[in-house]
Structures are given as C-alpha cells and as structure tokens.
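Q: Each chain, letter by letter, is given below.
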Amino acid sequence: MEIVAFCCQWCSYAGADLAGTSRLKYPANIRIIKIPCSSRINPTFIMRALSKGVDGVMVAGCHPGDCHYSTGNYFTRRRLMVLKRLLEFSGINPERLQLYWISAAEGGKFAESVKDIISKLEKIQDKPFPKNPESSP
Amino acid sequence: MHNQSQSFRDSTISTARELEIELEELPDWYCCGAVYPLRSEDLISLLSPTRNLMGAKKEGKELVTLCSACYQVLKRTNYLILNDADKREKLNNYLEEKYDGSTKVLHFLEVIRKDVGWEELKSKVKTSLTGLKAAPYYGCLLLRPQKELVFDHPENPTIFENFLQSLGCDIVDFPYKTECCGAYLGITEEKVINSAVLKIIQGANKRGIEVLITSCPLCLYNLEAGQKELMKSGHISKPVPVLYFTQLLALALGLGVDVCHFEEHQINPLPVLERLK
Amino acid sequence: MRNIGVFVCWCGLNISRTVDIKRVVEETSSHPQVICSTDYKYLCSEPGQKLIKEIVKEKGLEGYVIAACSPGMHETTFRELASRCEINPYLCEMANIREQCSWVHEDREEATGKAIKLVNMAIEKVLHNEPLYPESFPLNKRAMVIGAGVAGMQAALDIADAGYEVLLVEKRPFIGGHMTQLSETFPTLDCAQCILTPKTAEVARHPRITLMPYSEVEEVKGYVGNFEAVIRRKATFVDWNKCTGCAICIEKCPKKIYPEFECGLKEGKSIDMAFPQAVPYKVFINKESCIFLNQGKCGVCAKLCPEEAIDFQQQDQLVKEKIGAIIVATGYDLIDKSELAEFGYGKYKDVIDGMQFERINSSSGPFSGVIRRPSDGKIPKEIVFIQCAGSRDREKGKPYCSKICCMYTAKQARLYKHKVPDGQVYVFYMDIRAGGKGYEEFIYRSVEESGMLYLRGQVSRVFEEDGKLIVWGMDTLSGKKIEINADMVVLASAIVPSNGVKELANILKITTDEHGFIQEAHPKLKPIECMTRGVYLAGCGHAPKDIAESVAQGSATASKVFSLFSRNSVLAEPTVSIVNKDECSGCLSCETVCPYQAIEKENYRGKVIAKVNSALCQGCGSCTVACRSGAIDLRGYTNQQIMAELEALLWK
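As they're listed, the protein sequences go chains A, B and C. If you read the first sequence in our numbering, its first letter stands for residue 114, the second for the next number, and so on. If you read the second sequence in our numbering, its first letter stands for residue 1438, the second for the next number, and so on. If you read the third sequence in our numbering, its first letter stands for residue 1473, the second for the next number, and so on.
Worth flagging that the hints you see were computed from the coordinates, not collected in a lab. There could be a bad hint or two in this list.
[To be verified] Taking lysine-lysine pairs in the BS3-like style, the calculated list, with each CA pair at most 27 angstroms apart, reads:
| id | chain 1 | residue 1 | chain 2 | residue 2 |
| --- | --- | --- | --- | --- |
| 1 | B | 1643 | C | 1952 |
| 2 | C | 1940 | B | 1643 |
| 3 | B | 1584 | C | 1868 |
| 4 | B | 1535 | A | 236 |
| 5 | B | 1524 | A | 228 |
| 6 | B | 1643 | C | 1868 |
| 7 | A | 228 | B | 1636 |
| 8 | C | 1952 | B | 1675 |
| 9 | B | 1636 | C | 1821 |
| 10 | C | 1850 | B | 1584 |
| 11 | C | 1868 | B | 1628 |
| 12 | C | 1891 | B | 1636 |
[What the hints assert, rightly or not] What follows is a set of in silico ranges between Cβ atoms, one per label pair, in the way DEER data are often shown:
| id | chain 1 | residue 1 | chain 2 | residue 2 | range |
| --- | --- | --- | --- | --- | --- |
| 13 | C | 1776 | B | 1581 | 54 to 60 angstroms |
| 14 | C | 1821 | B | 1713 | 45 to 51 angstroms |
| 15 | C | 1605 | B | 1522 | 39 to 45 angstroms |
| 16 | C | 1810 | B | 1522 | 55 to 61 angstroms |
| 17 | B | 1583 | C | 1552 | 51 to 57 angstroms |
| 18 | B | 1523 | C | 1702 | 28 to 34 angstroms |
| 19 | B | 1713 | C | 1810 | 33 to 39 angstroms |
| 20 | C | 1810 | B | 1621 | 30 to 36 angstroms |
| 21 | C | 1605 | B | 1583 | 29 to 35 angstroms |
| 22 | C | 2043 | A | 240 | 37 to 43 angstroms |
Bear in mind the structure is a predicted one, so any value in this text is a computation, not a measurement. Here a beta-carbon is modelled for each residue, glycine too, at the ideal position from N, C-alpha and C.
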C-alpha cells in the first residue's frame, strides 16, 4: 500500500517532525510532500496521484481558524469536499482521500492519523488504479 | 407521578391547560431510571431513557419533563447519543429502531419561558402573590453538568427568579438555592440530610423566606422530611413549606387549592398561603 | 538538464541505525542526472560542509539534495552553504529521512525503501527548481507602538532614543496603562506612580515620539517596512491645544459618573481627567453621560472654560500614517464579572477584584488610601483573598495561570496588614507560584511577618448573611471544610486579553490563541515576533506577565526594530506567486482567495490581468488552485515540482 500525504509546512509537517522527535511509530508506507499551505493543494495533484495507482491521499493542514495564512485551510476544506464528489463520480472511492487537521504540537495525532487512514483504506474493497507502468526514470 | 405526586401532576396539567400549552402523555413510557449512571460503560441503564426519547421522536414532539431528575437523565442521555458515535451505535444495537438524538428535551419551565414568556405570564396571573416571600431551590440536577444540560448559569441561575417575579412574589436572594439537599443519602444516612437541610432552612429563616419552590421531588422530600426531624429534635422552630413551582403557578392562575393536593405535603403550606386570600 | 549531487547523512546512529545508508547511496546514484552520490557521518558539521563544498567544486554540481534531518532543522544551513558554493540556495532540497523516516519506523527494510523514495522525490524536485532571488524593498524607518502601557512606553522610548520616529497609539485618553491604577508594586513595594510618572513624562516630552492618546487603529495595509495605518482619533470634545488642565470645568460639571479608572469605586464627572498625574494633562468629555451631548442643554463647562477649549462639535478623525514596523502592546483586562458568580462578584459590593483593591489602597483612590470596604466605608477586620479566581479553571475556559496573582495577593495582604494591624487575613490558594527574582522571599516574609493565614484550597461560595460575607471553602491540607465570616473578599481575578485584541489581530493579520492572547511566531525562539513580518509583540497581550517582564519585552521588541531599521531595504522571500501574463484571463478569482490582498490589476496587451505584489505575497499558494487557466504558479512549489515529486514516488 502506498499513501501520499500533503502536509502544510507550518502545522502538520512540523507535527510529523514532532512525531519523529518523540520517536512515535507509524507504518512506513506514507510519503510526505511538503507544501506551504494546505490551500496550495491543487485537486489535480490528488487526481493524478490516485489515477497513477496510489492507494490513498492524506491531506493535513492547520486546525480551522489557526491557519498560518489566516484563511487557507477553509478553502482546502471546501475544495476537498467538492473533490470527494468528483472522485465518486469518477468511480474512485472518496474514502481514499482523507483530510486531517494536525497542529505543530500534535505529533501523536499525526501518528494516529496515519494509522487511521490505513485502517480506512484496508476496509476499501475496490481496487485502486493500476500502478504506474513506467518504472524508474 | 400518578401514585406519589398527584400534587405535581395535577397542578401541572391544569396550569398547562390554562396557559394553553398542549401536553400529551408519552404513550408506553418507561421510568427514566432516576439516576444518570456514573460508570461510562453502564449503557443498559440508558436504554429506558433512550426508549422514551425515541417514543417522543415517533410522536414527532418535544419531550417535556417536570422532574429535575428525569430532565437530567433524559437530556444527558440525548447529549451522549448526539455526541458519542460509539455509544450511539452500541445503544442502537439494543433498539428496535435507530435513534439519532434528534428529540428535544425541555423542562416545563423552559416551555413556559418559550411558549408563554414572562411578561405574558404576568398578565395571566389572577391572584397575585404579592407579598409572599418566596425563594427558589434549584438543587443540583437541573443545573449540572452545565455543558450537557445548558439549562441556566450553574452558579447563579435566574430562571426560577424570573418565574416567581412574574407571579408577583417578593424574591429573596437565597444563596443556598444551589446547595445540596443530601440526595439519596436520605436512605442510608439521615444525619447527612438533616445537617444539609438545617443549613438550608436556617438560611431561609434568616432571610424571612416563607416558601421554597422546587421542581425536584427528591429535594422536596428531603427538605420536608429533614425539617420534620429537625422540628422534633428542636433544631428549628419555624418550618418553611416547600412547593412545586407548578403548585404556586396554579394558585396564581386562580385554579384553586384542589389541584395542588396540599394534603400530600409533610409540612402544610396552607397557613402561609392563607394570608394571601 | 542539470548535474546534481546527493549527500546522505548518517546523523551518527540516528539515521544509520534504521536506514541502510549504503543502499540509499547506491540506488540514488543510478539516477541519470545524479553524477555523484555520497554519505557522511554528520553533514551539518564543519568537515561535513567542507566535504560538500569540495565535491560541488570537483564535480561541477549545479544543485544538490541533502538526505538528512527535517528541513525545519537545517534547511537554512545547507542553503547558506549552497550560496558559499556559488549555487543558488533554492537549488538545494532536503529529503527528511530522520524525523519522518528513521525515527518513526523500526523495520530496516521498509525504512530504507522509504528513504530511497524520499530522496528520489527530492531529486526530482531539485531538477525542476529554478534559481530564485529575493527582491528588496525600501524601508520606512518609523515605528508604530499600539498600547501605551508600561511595555509599549518602554518600546517607544528605546526606539525614539535610538534616533527613530515613533508613533504611540493608546486607546484610553492617558498613557501609562494599568500600572497607573496600581498602588504599590511587588516585590519591592515601590509606589507605582512614583516609578511610572518619570517615564510617562519622558514619553510626553520626547521629541521623536508622537503621542496619539484616545485613538484606535482601524486599518493596516502593506508589509514589513511599508505599512500604512488608518488611526481613529476619538473625539474628546475638548481642544487639547487650548486646554491647560485647570480643572474648573471638572469642578462645575453637574453630571456625576463612576469612571472606569476608579473601577466604579469613586465618583467622577462627565468632563474629567482620569487621575491627577495624567499624561497628557488634559480633560475629556465622556460622550455617553454628558448632558449637553445627549440632551442639548447644560454646556456649563463651555461657559466657564477660560481658554474656550470645549468643542461640542468635535468629530472623530481618521488619520493615515506610514510606518515600517509595528509593536503590539495591548495589555490585559480582568475576567468578566458574570464568570465569577459563585463568589458573588458583581452582586455584593464588598466582593472586589484585585484592581479595585489597588484603587482602595491608593492614596488618590476612593478612600484616600485608607482601607475601607465599598458598601459602608467600614474598615474590614476580616479579609479573605481568593487566588486563582477564574484562572487555572478549565470549566471557565481559562486553564492557564494568570501568573501575577500569587505575588500581588501577597503584596495586597501585606499592605492591608500595614494599615490594619489588628485585621485578620485569609488567603485561599491552589499553589504559590513565585518564580522571579526576590519573589519567593517576598511571599515568605509576608507570611511570616504578617501572620496571614494561607489556606490551600478553593472557595466554593461567597454570600451575604447578617451583614457579613460568608466564605465557604476547603483547606485541603487539613481536609477540613472552612467557613469564614468576612468583611471583605478580594478576588485575584483571571487575566484576559484586553477588549478588542481579536479585531486588532485581524487588522494586523496576526493570530490569537484559543484564549485570545496574541500568538508568538515560536514559543521558544521567537517569543516576541508575530507571524506577520515586521510586527512584534510585548506585554500582557501575549500572555499574563508582570511589570519587569513587560518592560523587558518592550525593550526586546525595540531591539528587533533596530535590527530591521539598521538596513536600508528589506529582502523578501522569493517563494511567492507569479502570474503568466499570456495565460491570465483576468477573471481575478485569485483576488478573492488571497488573504493578503497581494493581487493587483495590471494592463497587459489591452486587457486587465492579475499581478502579484511580491512584497505582500506570503506564498501560501491558494491562488494557484483558484486560477482557472493555471496561469498563477508558486515559486519554489510549482505545479511541475509537485507533480515531479509525485511521479518519483510511484517509481518501482
């Protein structure tokens, strides 16, 4: 199983770092991509990831109201709500996309969220898109 | 209520009729259990309140209670069902139909405030209780925990005061209004009740309070039984009658003493109320 | 195509314990653009950096990936190193294989596999990076300080002494803040007025400080070095250029009110001066209570004023000011009365808060410094102090410690004993927190010398009975319930952020925490910086603190302003949004999502298109998603870069 996590650099990326500093353990199949703000996430990134065979996408941002850029994560929330419906329409299980709010102080929550998305993905019966056929550059 | 507390029942039914509030007895109701379980896993005790809540939902109505204990149990159960998905699922496993926590639980006082309003209530009073020094006794079940009940300020509630004001009573600041009456310790430790009641009644006597009102049958029982004991032992000389708020309301609305069933009381309130006529 | 290098760090055993470094080096070196891949024990060390520098030179690298700890830790280190190697710093990327790999996984095989992927992702990102150069902007060397309490005054004085202009904005009609209301200060028992008035006077006469009392900041636009503020100067209905402070008007004004300064304990007039040493030494009219302003009659003050300074026509004025840096020193208030109903606060006159006690104890206060109780003016013989009234109370939503209450309660109790030697003091406390120079000793002296009774426990209820205040409490050390018949109760009420801070924070685009206090940029390493560049933070607006700390923070913010003003221009992060002019359709969807109003309009080939003001843009990238034609991209995090990272992740 392969999961991409988009983490905003102020809160959730720092939260993931804290999970590391606190030596919390979580499964290794998550890959984090650092972005400045969760509102930087273009839905096409998620569509691309899922269509290329990633099993799940985790989006993590600052808690609503605490966004470093004051309002960014509100946009994220709305955009992803719409995207979930688009996923459903496209025949992709919307559960493959999960949104979490993780602050820089919540290392534990980050580790829990990774476990949470994995347990949700395990419940999904339908198959993801086949893995990207081209391998290595 | 049909057996033990006709005073509460009849005074409520008649006042509701007078205030044009439509009350309907919940068909096939269960006892709420009277005490909200302290153990978080004690879900079985929550089944009967949940069934009552579901019954009200089926009828499509709000669930109104008179008794503080029922109010507390029903409202807290509903809160749990609304806010704890895990417990909701577990409870629903025992039920014939799913219940989602959508029933609104109201205290009769809240209904009066919402559907009649304090000003309107004032205009409906036929026998003003002017000069009657009354104080509310909230007890604990109506107010705490505030987060779940959202009834009134837990330290400085005012809903009863507003109610009494509409009836024309002289309201006395009564700091003991949220003190503990001793609750169920009455069964095993009478002494605790007596000392709790002594404090409350002495406080009332000092302030010249003529009548205490409550919505909790247990508070009423403890305050009355405690006073009787304390009279016997000579600790207090002047008992303070304790009434349900609906009894006072019935009197103010001119519905007469019959609906009040004062004969049920251990301390006869009639001498105090006689003066008003 | 670019020649890049990969450097993998062992971080001692931290990474190498769970990640097979050798395999990472091998796997990544097979990438066609990677011309060298190597490892070292500690890359961040002096020899490690030297190694990188040598390899860059030897192999002619044009960019590199550092696989090591979190970029939060050492990104700056390795980007600065890149500059020294004559590589653009933005052609250096880090793969986080410590915090997000070796420390959180146990299986060596899995961790190594993940590390390889993370490095591959970083390689792909670097390959799509562009060299970026920070832009520089001119700097307006003038500071604005919001709040003229002791912290704000200190900041203003320090900046002005250093030779820069300062604008000092204060919402009340006088400067000095809450300290002007205090009687004496702990732990030295200095008279607050005596140590404060030299400072207020200095602020008032300083040639480089422009004082704006009775004013509030309404709007702030711009960015570090170039802010533009709109300030509302509220009408005082007195021409302060003419007023001499002769106070004839005060004497003759027929309208009595209870001003806020005296905490409702002492009568004042509708036209008044807050206190006798007020700076500026001018009178002002209370708009809500003035008879003339509300009913059109009276006007006694106008008739009697020898300088004809009264001006009932005066209106609020909006002033625009340009500044380069902002210091927020907004201070505190006390918790709302209704929150402390169990103590009868707000209901019984003799239940007062700490600030009211300060006024009672003050020689300019309601009883000229004699300790009397407000209800009947009697001298209280039994007095109860309740600490943590609202503080450290989750139920009240104030789980934090208000920090100064332990100290000021001890101080007040001691001052009470000085004035009422035969009085009995009871202090209910949870814990005594006296961390500070000379604080612990002060508390001990108070307890030992003055015979006060410290009771560890909380008070459940205060109510009136037979003319006394009955205090029910608990002494948790003896396990006994306690009932005290007191004459007066003093609450050490919780400190809350001052009214209006939330709105101000929105105006300044800085954040507040869950309790409404202003959030610092980093709790340890940037305690006085705000999230917005060029905005600094001092005093109780940040969190409860005492006078000494507030003064220290005031000075600290001033030094931040010095280092900003020591330059002639400001450099901006180059990771900002940029518009592709030919692709932009001019729909301006980006404008609506931008939290910084950084999107401007521009005429380009006969159409209106969006343009990013790179000084305002903070680089969140929200606009890139809103853009329908994909014309906006975010430098440093371009669509191409992120897509490349995604692709790399899916390689086998």
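Q: Going straight from one Cα to the other, do residue 1584 (chain B) and residue 1868 (chain C) come out at no more than 27 angstroms?
A: 11 angstroms, holds
Q: Has the hinted range 30 to 36 angstroms been met by the Cβ atoms of residue 1810 (chain C) and residue 1621 (chain B)?
A: For residue 1621 (chain B) against residue 1810 (chain C), whose Cβ atoms are near 32 angstroms apart, the range 30 to 36 angstroms holds.
Q: Below or equal to 27 angstroms on CA atoms is what counts here, so check residue 1643 (chain B) against residue 1952 (chain C).
A: Given that 27 angstroms is the threshold and the Cα spacing comes to 25 angstroms, the pair holds.
Q: A range of 29 to 35 angstroms was offered for this pair. Does it hold for the Cβ distance of residue 1605 (chain C) and residue 1583 (chain B)?
A: Cβ of residue 1605 (chain C) to Cβ of residue 1583 (chain B): about 58 angstroms, so the range 29 to 35 angstroms is violated.
Q: Could you check the hint for me, namely that residue 1810 (chain C) and residue 1522 (chain B) are 55 to 61 angstroms apart, CB to CB?
A: Since the Cβ atoms of residue 1810 (chain C) and residue 1522 (chain B) sit about 34 angstroms apart, the hinted range of 55 to 61 angstroms is violated.
Q: Check the following: the C-beta atoms of residue 1776 (chain C) and residue 1581 (chain B) are separated by a distance inside 54 to 60 angstroms.
A: Holds: the Cβ-Cβ distance is about 58 angstroms, inside 54 to 60 angstroms.
Q: Given the hinted pair residue 1636 (chain B) and residue 1821 (chain C), is their alpha-carbon gap at most 27 angstroms?
A: Holds, at about 24 angstroms.
Q: Is it true that residue 1605 (chain C) and residue 1522 (chain B) lie within 39 to 45 angstroms of each other by Cβ?
A: Taking Cβ atoms as reference, residue 1605 (chain C) and residue 1522 (chain B) lie about 52 angstroms apart, which means the hint is violated.
Q: Mind checking the hinted window 51 to 57 angstroms against the Cβ distance between residue 1583 (chain B) and residue 1552 (chain C)?
A: About 55 angstroms separates the Cβ atoms of residue 1583 (chain B) and residue 1552 (chain C), which means 51 to 57 angstroms holds.
Q: Between residue 1850 (chain C) and residue 1584 (chain B), does the CA-CA distance stay at or below 27 angstroms?
A: 41 angstroms, violated
Q: Does the Cβ-Cβ separation between residue 1713 (chain B) and residue 1810 (chain C) fall within 33 to 39 angstroms?
A: Holds: the Cβ-Cβ distance is about 34 angstroms, inside 33 to 39 angstroms.
Q: Holds or violated: are the alpha carbons of residue 1952 (chain C) and residue 1675 (chain B) at most 27 angstroms from each other?
A: 30 angstroms, violated
Of the hints listed earlier, those the structure fails to meet are numbers 6, 7, 8, 10, 11, 12, 14, 15, 16, 18, 21, 22, in rising order.
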